[in-house]
Structure formats: C-alpha cells, structure tokens
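Participant: So the sequences go chain by chain: A and B.
Everything in the first sequence is counted per my numbering, starting at 3 for the first residue and increasing by one.
Everything in the second sequence is counted per my numbering, starting at 3 for the first residue and increasing by one.
If you are wondering where the hints come from, they were derived from the structure by calculation, not from laboratory data.
Do not rely on the hints blindly, as some may be mistaken.
If chains are identical, the list can't say which one is meant, so a pair holds when it fits in one copy or spans any two.
Stated by the list, open to error - With a Cα cut of at most 27 Å, we get these calculated BS3-like pairs of lysine-lysine:
(1) Lys388 <-> Lys289
(2) Lys141 <-> Lys380
(3) Lys177 <-> Lys380
(4) Lys379 <-> Lys141
(5) Lys424 <-> Lys289
(6) Lys177 <-> Lys379
(7) Lys24 <-> Lys289
Since the structure is predicted, the reported quantities are computational estimates derived from the model, not experimental observations.
2 protein chains.
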Amino acid sequence: MTQLELAREGTISPQMEAVALKEGLEAEFIRQGIVAGTIVIPANIKHANLTPCGIGQGLRTKVNANIGTSSDFGNIDTELEKLRVATDAGTDSVMDLSTGGDISAIRRAIIASSSLPIGTVPIYQAGIEAVERHGAIIKITPDEMFSVIEEHARDGVDFLTVHCGVTQSAIARLKEQGRVADVVSRGGAFLIGWILYNEAENPLFEQYDRLLEIARDYDLTLSLGDGMRPGCLADATDRPQVEELLVAGELVDRARRAGVQVMVEGPGHLPLDHIEANVKLEKAICKGAPFYVLGPLVTDTAAGYDHITGAIGGAIAAAAGADFLCYVTPAEHLSLPDPEDVRQGVIATRIAAHAADIAKGVKGAEDWDKRMSVARKKLDWEEQAKLSLDPQQSHQVHLRHASSGTACSMCGQFCAMALVEKYLGISATRC
Amino acid sequence: MTQLELAREGTISPQMEAVALKEGLEAEFIRQGIVAGTIVIPANIKHANLTPCGIGQGLRTKVNANIGTSSDFGNIDTELEKLRVATDAGTDSVMDLSTGGDISAIRRAIIASSSLPIGTVPIYQAGIEAVERHGAIIKITPDEMFSVIEEHARDGVDFLTVHCGVTQSAIARLKEQGRVADVVSRGGAFLIGWILYNEAENPLFEQYDRLLEIARDYDLTLSLGDGMRPGCLADATDRPQVEELLVAGELVDRARRAGVQVMVEGPGHLPLDHIEANVKLEKAICKGAPFYVLGPLVTDTAAGYDHITGAIGGAIAAAAGADFLCYVTPAEHLSLPDPEDVRQGVIATRIAAHAADIAKGVKGAEDWDKRMSVARKKLDWEEQAKLSLDPQQSHQVHLRHASSGTACSMCGQFCAMALVEKYLGISATRC
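Pulled out of the complex, with its shape left as it was, chain A reads as follows:
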C-alpha cells in the first residue's frame, strides 16, 4: 500500500512517524495532510536506506538539488561528489538529471549512496536511448517510455517528473501564444517533438492510468512536470503555461483516486509580482497539491548569479505557499555546475526556504533566528557559528580579519551592541 492508501485507512506508517518527529509535529497531522493530498512523502518501497522526508503544507519548506551528467560530461565520480556536497550543504532531496555516460549506472550509484529522497526525469533516458536505438528522440515508442519508467521505479527512485500536461492542446496554445523563449524544459521539448512528429497525443497523458499503476506499485510520488513553463520573464503566466496547469489539476485528482501521491511543478522565470499569483493559482487549480517550483528566477539578466535570483523568487514563492524549492546554481544558463556551484545553490535556496518558513510560521523557524540573535548580542562567536546556516563559512569569514576586542573587525571598539549594553545597563546611575 502507498502512504496515501495507508493514511486513508487510518494507519500511521513509520514514514509518517519519522516525518512528524523531524518536523516537531503530531504524526496525525502528517497523516491527515497525506489524506488531503497537501503532504507527500516520496518513499519508493525499493529505496532501502531512505530517511523519509515530508513535503507540503505546514511542513518546513524543502530544498532540492539537481545533479547529473550531460552529453558533454559523463563522469560518475563527479556526480557522486556533487551528491556529497549537496547533502553536506543541507539539501532535502536530490534529482539525478543525467543525460550522458551510463545513465542507469549513475542513477543506481546515487540511490545506493543516498538516504535522501531521489528524483529523476525518465523521459531523458528514454529519449537518449531512442537516439541510440532509432536515430532520433521522436522515434521512441510509448512502450519504450514506460519501460524506462519501470526501470526507474524498480531502481528505487522516490519521485518522478512526468510531463503529462504537454498535450496537443498545450502545443496548440503554445503556437497561438507566440513566445520569446518557446520551451526550455528538456522533457517538454522531447515530448513536443514526439507529439508533432507522430501526430499523436502524449503517451504519458494518454496512458496516464498505466503510469499510475507503476507509481502505485512502488509508491512512487508523481511530480507533474511543467514542460510549458516560461523560459523568460516575457513568457510568464501565459496561456500554454496555464493550459498545462489545468491538465495537471485534473491529473492530480486522478492520481489521488488511484492512491498515488502527487505534486505539481511550477516556474521557472517569473517577474517578482507574478509569483504569489502563480502559487495561489496552483493551489486552487490542483486542490492544494504540494507545489514544487524551480527558482523562480525574478530576472533573466543575472547569468552567473542565478542562485541569488532564484533565492529571491524562491523565498517569495515559499512564503506564498510553495512547498518545495528546486535550487538554481550560479552556473545555470551557462554551464554544467561544478560541486562548488552545487554548494552555493543549496545554501542560497536554504536561505530562501528558511526566510519563507519564518513568514509562514513553520514550527521552530522563528526560534532558530532568536537563538542566533541572542548569541549575536552576547558577542558569542562560537555559538553564532554553530547556529549559522553554514557554520564553517561563518567561522572562516569571522576569523578572516583579527579584531582587537570582543566585537568583530567591522565595528571594532565601536560595536553598537556592546556600547548600548554598557549605556543602558548603567543608565540608572549614569554612564
């Protein structure tokens, strides 16, 4: 039985218990969220060493790190290094988006090495194998697509991005729209090519029940991909994007009926003032399904710094209700990320998630900042480093320049907190 089926029959599973413990919440709250479909626990029954992680309303906002090879760089060790770096930096999950080298071997190595939930986009591998087998992505057969999906399920992947909403009607809306950047989703691009070439409906949509069956068998959480997500601010919140979201809403209903856990993916590139509307729209259309956003990036112009652009958008999205933030690294739009890019991406996105958690009133979020502030006021540098989101970095930057006193080298003897402490403390009897 899936977590959703267990929750429905009133069972609190060990996974629900573990999530409740980590979040400091009642297990019954988790169970009810799963029943309502507002919480998912991606936990493939084949992922043996998994530490369960809950995603959804009322829980800490989660962070995902994308790793994986490309057709230009296929080294498995580099990807395992990125997995380690992302884990150490505090990511909540990892997606393996490999499109180069021995894709199956890389995925299996990542799953075996990680207790974090792992996600994949099987259409990538399916498309690449189609190139090898038939000479073109678009010549893949529906059976071949599903065979790759089954392979990922068997390997223990916890959540799958499936672009079921890239339908013929979404493509018609895309053509009518006239976009600046057309489509920037790789999975979306593969399927658009397939649909146009074969003059047939998207197999992931047409045979959605087949997908649900596999998902149910392994308790795979479906993540309904946004193949039509805007690839630039000028294309944000347009008709193809919303068309796909409407389909996603219907597919959420069907997944829930089938006992399959489901979440929904979202943009992408959005002007800052579109973000809240996008979150509210998803929550309304998809009946509270967890919303998993990529960034969103609030400008197209910050190439080389898109972890910051994504942190701005992610914080606003999560504060408005987004549940799961996919990181963006400084290398986005430019290059395959290095391990250091991965680290920067995770940290920036954790800042965004935590800032949002304070605004959302997530349990314990505000308290962390208060403890940090008490340590800061005391000029207790050891405690400050310990309470920092990245203790090592905090420690290193502090020690970069020696200070002559107990304050840091920025204010030295003129530290406001130290001065005011002194003045207020003795103001009754005069300074």
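We have chain A already, so just place chain B on it with the hints.
Facilitator: Below, chain B without anything else, positioned relative to chain A:
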C-alpha cells in the same frame, strides 16, 4: 539654491536634466518629483566631479555600497580599492563609514576619486574625536558634533545620515520594549549613550534647524538615520522603531519647509512578511519621502551569505516601493568586508533592485530582460554575456566547461530551446 528650491520656482537644473536623461524620463517629471519630495538628487555644491543621480519614486531603484575603515583596519588604499570595485560592479552611490585611521583624509580622497554621490555618517567621526579629546564618546559637545557635520559638508559629502530620531522618548520606548538585540546602529548607540549620560535631548533633534541650515547651504541631502532599527527579526516593527519613524515623518516636513532634500532610512532585519508593511508605513508617515533600506535581512541565521539574505529582502522592499537599497556584503556580522565582498554585495543588490524595477514597471527594466531572452533563445553567447548584469562573470562561467555544440555544457545536444526550435519550425511538414 538647493535642487528643491530650484524645482519649486519652476527651474529645471542641469542636475535634473542629467537625471532625466539617465532614466529616460522627462526632466519635468524629475522636477515635479523633487517638488513633491518623492525624488531627491544628492548633490553637494562642493562635489565638483559629481555625476548626478536621482533617488525616488518612478526612478530606477538605486544601490549603495558601504565602505570605510574600522578601528582595527585603517588603510586608505584598501578603501580606495573598494571604491573602485564598487564602482566597477555598478553601485549608484558609496557611503564612507570610516571609523579608523585618518578619517578626514580618507573621506576627502574618496570624494575626490568618485563621480558617484558620496554619503557619510558624521557622528562616527565626532564620537571618535570625542574619545581622543575627552576620553569618551559621550563627552562630546553639541558644538563639536555640528563642527564635524560642517566639515563633511565643506568636503562635498552629498548625503548625510543623521540619527535625529533617537530621542529621549525613543529611548523610553526602547526600555519599555525589552528587545533581544537592543540597538545595532552605531550612530544610534553613540547618541543613546550621549543622551543617557548627559540627561539631555539629542542635539541633532533639538538643534535640527541648525542642521537644516548647513544642509541648505551645501544642498546636502539629509538621510534620517534609523538608530532604533531592529537588529534581529525578533525586534522587527516594534515600538521604538515606529516611534523613531514618527519623529522622522515630522522632520521630513520641516526639512521640506526649509528647502532641504530629505530621505528616510529603514531596516535592517525584518521577517519577509513584514517588509511590505514597513515600506507602506514609511511612505504614509513620511509623505512619500524616498525610503533607503539596509537589506532588509530576512533571516538572522545566514552569516557569511548576508548579501543573499539582503537581496531577498531588498527585492521585496523595492518592489513594494523602497527607492534605495543599501547593500549587505557576505562579511556582514562577521568581519570588515574585503574588496571581493564589496563586489559580491553590489552585484547581489543590483539583482534585487532590477528584479523590483521590473515589478514596479520602471522604464526600460522589462526590456533589458527581453533582449537577454532573445539572445538566449538564439544561443548567442556573446550577446548574452554583453547583456548580463556582470558580463565578465557570465562569460567566464560559460567557458568553464567546453561544449560540443552551440548549446552550453549543461544540456549539450539535448538543449530544449534548440530542439523545440527545430520541431516547431518544421511541424507543418512533419519533423
């Protein structure tokens, strides 16, 4: 005559012309904004080589970089290097917050080397000279305070932070409040000490007319400092902070009556969901005076990455109407910033400002992103680098990993934009 006085009598000054040209707006719009007090042009008549810069409603959100020595590090060359780095990274103004070394010499060197508007906080120098002269900051005389202010004015400082709102009643509210971090403003701390020790009112408040006279003589723009700004999220939007804002509102009225340009400073540390309220409050209380915020930082826990924390808060603040963002560097709370921290701080804050400008509908903001997106869709890497906020970084990250095709090394041959271009382009006749 000050820019405000000129504007009132219907004159469009060369400074207003220059600002209008840079912003792509009518000079009459700038003049009217100055009359209304919603726009300021900090331009000390003694700052000979100044390129005027407008700050306020309807204009591009501006970015300030703080540099300056501390009691631990007093090297003038390092600060001039930071000035160069900040200018190259695209800051709109620089504040010299020096508290170590030969403070007057450093300030003069910075003003002489910069065509950007320069700001200072004269109470720092006044306090430090009081330590040298009398053995304690709190023993400074009001005349000594004003003498330093006059010196800064004569040197050509364009805008002055003056903590006039740190009054006896604000201190009473501070004591009643019971804060976690008390006061983190250095100027605020100096003045609180002075007020408590001397059992007298803040000279910058009590002799505000004297301050206005100096400001009017040099067309110094006053920046009403927030000595009571919250130093942590737990203290945000509390009674001492709002008390000081109420006083600032009254002082804005008086400055305008005296023909003096004025803006108002704001937090600091704010939970994400407090930011918009803080901006609206300032705009209402201070009758639309330009709002100059520090960050705001949306969590206390990200020491070592506060440029990102500040970019999140700054983007939200500016989108809500804040006009001027003071950067925060990665070294904030830990150490005096190095030139590389300065660069990171400026870039992060420029991202925030630009993201907000798109949301606010500032002229030309959206168009920049669109041009970038067109270049991205064309896979025109040279044009993308040119249009990037930091062209050099964009170029370098792109070249870090060679790609086998025209796309970057992240997606390689499976670049969505290239694939969809092909599929959509030939879909009429089949792929």
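Participant: Going through the earlier hints one by one, which of them does the structure break, listed in rising order?
Facilitator: 1, 5
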